[in-house]
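Based on the sequences and whatever the hints tell you, model everything.
Listed below, chain by chain, are the residues.
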Amino acid sequence: MERLINIILLFKEYIVLVILIIVSLVLLSNNDNRQLHAIRGYTIGFVGAMQNALSVIPNVFELKRENRILRQLNVNLSDEVNRLREARLENHHLHQMLSFKEQGKLPLLPADVVGKSLHLLRNTLTIAIGEQDGVRVDMPIICETGLVGKIIATSAHYSVGQLVLNKDFRVSAKVQRSRIVGIIAWDGGETLRLKNVAKKQDIREGDVILTSEYSNIFPRDIKIGTVVRISEKTGNLFKDVDVEPNVDFFTLEQVFVVTTVPDMERVSLEKNAGHLK
Amino acid sequence: MIAREVRYGLVSLFLILLQTQVMRYLSLEGITPDILMIWIVYIALMSGQMHGIIWGFSVGVVFDLVTGNFIGLSALTKTICGFVAGYFFNENKTILTLRSYRFVIIVLIVSLVHNTIYFVIFTQGTDIGFIRAIFQFGLATALYTSTLTLLPMFRFGRKYQV
Chain A
28 MERLINIILL
38 FKEYIVLVIL
48 IIVSLVLLSN
58 NDNRQLHAIR
68 GYTIGFVGAM
78 QNALSVIPNV
88 FELKRENRIL
98 RQLNVNLSDE
108 VNRLREARLE
118 NHHLHQMLSF
128 KEQGKLPLLP
138 ADVVGKSLHL
148 LRNTLTIAIG
158 EQDGVRVDMP
168 IICETGLVGK
178 IIATSAHYSV
188 GQLVLNKDFR
198 VSAKVQRSRI
208 VGIIAWDGGE
218 TLRLKNVAKK
228 QDIREGDVIL
238 TSEYSNIFPR
248 DIKIGTVVRI
258 SEKTGNLFKD
268 VDVEPNVDFF
278 TLEQVFVVTT
288 VPDMERVSLE
298 KNAGHLK
Chain B
28 MIAREVRYGL
38 VSLFLILLQT
48 QVMRYLSLEG
58 ITPDILMIWI
68 VYIALMSGQM
78 HGIIWGFSVG
88 VVFDLVTGNF
98 IGLSALTKTI
108 CGFVAGYFFN
118 ENKTILTLRS
128 YRFVIIVLIV
138 SLVHNTIYFV
148 IFTQGTDIGF
158 IRAIFQFGLA
168 TALYTSTLTL
178 LPMFRFGRKY
188 QV
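Protein chains in written order, with my numbering: chain A, 28 to 304; chain B, 28 to 189.
What the hints contain is simulated information worked out from the structure, not anything from laboratory work.
Watch out, some of these pointers could steer you wrong.
[Unchecked claim] Here are the simulated distance ranges between beta carbons:
#, chain 1, residue 1, chain 2, residue 2, range
1, B, ILE122, A, ASN33, 54 to 64 Å
2, B, ILE132, A, LEU90, 53 to 63 Å
3, B, THR153, A, GLU93, 35 to 45 Å
4, A, ILE84, B, ILE122, 53 to 63 Å
5, B, LYS120, A, LEU52, 29 to 39 Å
6, A, LEU81, B, THR153, 31 to 41 Å
7, A, LEU52, B, ARG129, 43 to 53 Å
Glycine included, each C-beta is placed from N, C-alpha and C at the ideal position.
Right under this line is the structure:
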């Protein structure tokens, strides 16, 4: 302690000088004139240059903190990107549906898919519109990419549709290029089957299959799929034509119900003609 | 000792009044002598460096407050002046210093230091260049102030005749 006092006494002039200079500088800093602004500018520049020079030395704690913040930010941004992607896809999908609805002359009822089974032999889907919306049994179900199925049961607010991927489903179809007509059915495999195509008829892989004019239920020219494989068996009159469905049933979220009812005059006539045979 | 400090205080107040109210009449081409500088050098030579520092600061602060120009600038420069002048303090040669040209030279040196620091700060952010300011005002003021120091020097010479 005595030594400290001795040191203080020895340098008392310097200590007092430093204290009074600091007081003077504090007084100076309370001014608000351009000289002081300039000095402050130089000081900031000097401090900035020093910080810049010293910034090469990494601050571990600061880096950790910065890293944590950046990781958090990264998670937030990833989340936002995902949501934007989802919104973009939804937007794209809705655009497609809207343009499909506008292009077509068919009376359509949009519907959300609220349930579906795809791993059974009799696959169905449930949609969130029903009789109160005008849905009736046998109305076709389509989407912007093609034929989905038809309504087989309705309640007030819900309907069940029979998918193309259903063992009981049948639809009259034609080859777009060569106009050959057949019956589309599903045997439980990965693809649909175009039946009743004679061996001599012109059909090729890549041909597009549409609904034909012969159906009482389905409107004509709805895309069903594309021919992916043709095979012939000896002793069989017909070709085995595998058709890849155009609709991706696994990602199906929205569909349209075509609110047309069968032409009863035609149905009746065909029925009567059948009796005459 | 207290009486001496009181005397220093009273004389300081009087000289501040003189510097602010009267010295402008002695101004030549805008150059005004700094009698407060002479006073601080005198205190430092008479009483030592510590007194020079403290009275330099005190006179500077009061002068800043009275003029209201740039609060703290005179306090800073005059504190340093008292410190520099204190280096010339020699208890055994006080009178000898005051009655000789040594006093004038010390005032000149301290005045140059004072003006250098003063104009370094004062010219910041202005259109006046530091070199121009130090030659045009700093050097001239220092010469004028040290010339004016001849008056107390002769006064001390007559008072303390050997």
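Looking back at the hints listed earlier, which ones does the structure fail to meet? 1, 7
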